Every structure is written in C-alpha cells, then in structure tokens.
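Enquirer: These protein sequences, in sequence, are chains A and B.
Residue 86 in my numbering sits at position 74 of the first sequence, with consecutive numbering throughout.
Residue 92 in my numbering sits at position 74 of the second sequence, with consecutive numbering throughout.
What the hints contain is simulated information worked out from the structure, not anything from laboratory work.
This structure is a prediction, so every number in the text was calculated from the model and none was measured.
Beta carbons are placed, not taken as given, at the ideal position from N, Cα and C, and that holds for glycine.
Any given hint could turn out to be false.
Said to hold, decoys possible - Non-contacting residues of chain A with respect to chain B, defined by C-beta distances greater than 12 angstroms in every case (computed):
#	residue
1	Arg19
2	Lys26
3	Gln77
Said to hold, decoys possible - Where chain B lies over chain A, by a calculated footprint (3+ residues, C-beta under 8 angstroms):
#	segment
4	33 to 42
5	54 to 60
6	63 to 69
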Amino acid sequence: MNPNPLRTRETLAKFHKRTQRFWTWLTGLTHRDEAPRPPWTVNQHMATFLSVATAAIGLAAWSAQTLYQAAGAALF
Amino acid sequence: MSSTLEIFIAFIALAASGVLLAATKVRGSAVLLHHGTHGRLYRNRSLNRWAAEAVGIVALAIGFDEYRRIHGLHHGYNTFAQPEGDEEAAGLLADGLRPGRSLQDLKRNLLITLISPAWHARQAWARLKANFFAGPPLRRLAAWGFWGGIGTWAAMGGWMTGFFGAVALLLTAGSLGSYLELTSRHIWNVTPDSQGRERQLELSHWRLPTPSVPYRWTPGSTLRFIGSVAVKALWRIAVTPVDLTHHAAHHLAWDAGPQQDRPPAWTDAAQAYSDRLRADPSLHKHVYRSLSEPLNASFEALAKAPPLKPGAAPASTPR
C-alpha cells in the first residue's frame with residue numbers, strides 16, 4: 013500500500029514556510045495549517061499559458077539557433 | 019564562434035524549453051481548449067470559442083470543432099472509453115495499446131511509440147494539417163497569420179533556424195507530453211462490458227505523484243529525495259499542468275449536467291481535496307507514489323481485458 017500522502021505532506025510542512033507553496037503545487041495537497049488556495053480565474057490560466065508559451069518558444073529558438081551555429085562552426 | 023559554456027547553456031535551455039513546450043501543448047489542448055469545448059472559458063460564446071481557438075493555434079493543437087466532436091463522443095459513452103465510438107481510446111488502440119496484451123508488451127509498445135520517428139511524423143503532420151490546411155477559413159487564416167508573422171519576424175532577424183527548431187520541438191515535446199497525459203489520465207477501461215463511470219472514478223481518484231520523503235535524513239536519502247522532487251516537478255510541469263488531477267470528477271460533473279461542470283473541474287487540485295482525503299483516509303490508496311503507477315494501473319486493466327474483435331476500433335484522430 014502507498015504511504016499516506018497526507019503524512020508525507022505534513023513532513024514537507026516542516027521545511028521553510030517560503031517553500032510551502034511549491035510543496036502544495038507539487039503534491040496537490042495543502043498541509044494541516046495551510047488555508048486552501050483560491051482557484052485561479054480563467055484569465056489567470058490564459059495569462060500563464062501565454063507566458064509559458066512565449067518563454068518556451070523564445071528559449072527553444074535561442075538554443076536551437078546557438079547549437080546550429082556551433083555545429084556549423086565545428087563542421088566547416 | 020560559440021564558447022563551450024554557451025553551448026552547454028544552450029543544451030540546458032533546449033531541454034528546459036522542451037519541458038515548457040510540452041506544458042504549452044498539454045495546458046493548451048487538454049486544459050484550456052478542453053474546457054473551451056465544454057463552453058467553460060467565458061460566458062460569451064464567441065469569446066469562449068475564439069479564446070479556445072487562439073490557444074489551440076499557439077499550441078498547434080486540433081481545432082475547436084474537431085475537439086468538441088471527439089470529446090463529445092468520449093463523454094457520451096456510458097461505459098468508459100469504448101473503442102467503437104471513443105476516438106480518444108481508438109488513438110491508443112491504433113498505436114497497439116490493445117486489451118489482452120501482456121503488461122510487458124504494453125509497456126514496450128508505449129516506449130517504442132514514444133521514440134518512433136514515424137509516430138512523431140504522423141502526429142506532427144496531423145497537427146500541422148489541422149491548423150494550416152483544415153478547419154474553418156477564419157481559423158486557418160489566424161493560424162497562418164500567427165505562425166507566419168512569427169516566421170517572418172524571425173526571418174528578418176536571421177533567426178529562421180531557431181524558429182524551425184522551436185516549432186519542431188513544440189511538435190515533438192508536445193506530442194510526448196500529450197500522449198503521456200492521455201495515457202495516465204484515465205484507467206483505460208476499453209471493454210464494452212466495463213463497469214461504468216463509478217469504476218473509473220474509483221480507479222483514478224488522484225494521480226499526482228508524491229515525492230519520496232525519507233524516514234531518516236542521510237546524505238544518500240537526501241540525494242534520492244532531491245532527485246525524486248526534481249523528476250516529479252518535471253512531470254508536474256509537462257504532463258499534469260493544471261486541473262486534470264481530478265479528471266474523473268470532471269466526468270461525473272459533466273454527467274450531472276453541463277451547468278454543474280464549474281467550479282469543481284476548474285479548481286486546481288490543492289484547494290479542496292486535502293480536506294477530502296483527511297475525511298476519508300482510505301482514499302490514499304488511490305494516490306500514486308511512483309510516476310509509473312498511473313501507467314501501470316492503466317496497462318494492468320488493459321492486460322486483464324479480453325482481446326477486441328478484429329475491426330472493432332475506428333480510425334484515430336491525433337490530439
């Protein structure tokens with residue numbers, strides 16, 4: 013049987029308070045003394061989607077370009 | 019010429035952007051476009067549709083109409099994921115994830131599918147075709163305008179290689195993320211005489227993996243804990259980005275009537291379900307600890323099911 017995730021979450025609650033949002037996001041569980049998070053609005057979901065997409069496309073473009081140029085320089 | 023450090027950073031950035039692009043595809047199609055087709059993004063129907071279409075274009079996902087058609091069938095089957103009509107299941111069947119095969123065969127099949135260049139090419143072509151050569155003319159125009167605009171801007175700055183690299187990574191990593199999301203989202207109960215939604219709900223209560231917290235903190239166990247957190251954070255970003263941790267609740271809410279679909283299906287998992295788990299400690303049996311458990315659970319159910327009759331599965335539509 014799996015270990016009880018609530019017990020795991022209570023163990024993670026002993027880490028620094030600034031890390032608690034991360035543990036809640038990762039496990040999907042709030043710890044005993046943590047207030048439930050309000051659900052995101054649709055606009056927050058949309059803004060996050062666009063931010064992640066922009067960052068991802070930009071980062072991918074830069075890294076692909078850099079690696080391609082490096083490969084070209086090494087070969088020719 | 020690029021320095022060694024710059025090349026090293028570029029490799030790290032490429033890997034990070036792959037994870038983020040998988041998240042873009044999964045968040046775009048399995049969350050936002052999905053809720054859009056249920057009419058749950060905005061109350062204004064035009065705004066709802068165009069917001070969902072815009073997200074689909076950015077993520078290079080299939081169009082609103084096609085998604086709604088497939089997803090309507092998926093929701094419409096009382097016995098979950100029947101291959102005769104549910105194209106979401108049929109896609110997996112077409113890839114070889116068929117009932118009656120051994121667990122080992124199914125796992126091997128999944129691995130081979132995910133690394134197969136032919137599978138990636140088919141998925142990529144289907145997604146490109148859905149955006150640029152199919153669907154309503156206005157959507158096609160928007161897709162050409164968006165991606166064509168970025169491409170033109172990239173060409174003017176001498177960034178065409180980077181542009182094509184980013185699109186290729188969006189197609190590849192996006193297909194990987196979506197497939198893993200799809201495979202682990204449901205316990206694929208594909209036999210026609212399955213036991214219905216309650217069984218589905220029972221089996222897929224929760225699917226966020228919990229990190230392995232050691233009983234005793236030693237250097238070795240601390241390293242294992244850090245590794246476990248890192249891998250599960252990557253999975254959380256790329257495969258389970260928002261609310262589909264409670265996908266079964268979404269199915270039951272939808273069955274109760276479209277107006278009941280919000281807010282439970284929209285909430286991110288953390289707000290309410292800790293209390294629910296505290297109220298019913300037996301639910302923790304359904305919480306996955308290992309990343310492979312949701313996949314294993316699906317495959318075990320599939321392996322126990324009797325083989326399908328020849329020709330039972332319809333043609334699939336990539337998502």
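Enquirer: Determine for every hint whether it applies to the structure shown.
Expert: Each hint tested on the structure:
1. Arg19: Non-interface label fails for Arg19 (chain A): nearest chain B Cβ at 9 angstroms, not farther than 12 angstroms.
2. Lys26: Non-interface label on Lys26 (chain A) violated, nearest chain B Cβ at 10 angstroms vs cutoff 12 angstroms.
3. Gln77: violated, 3 angstroms
4. 33 to 42: holds (count 7)
5. 54 to 60: Held - the segment 54 to 60 of chain A has 4 residues with a Cβ nearer than 8 angstroms to chain B, which meets the minimum of three.
6. 63 to 69: The restraint on the segment 63 to 69 of chain A holds, since 5 of its residues have a Cβ under 8 angstroms from chain B and three suffice.
Checked against the numbered hints above, the structure violates hints 1, 2 and 3; every other hint is satisfied.
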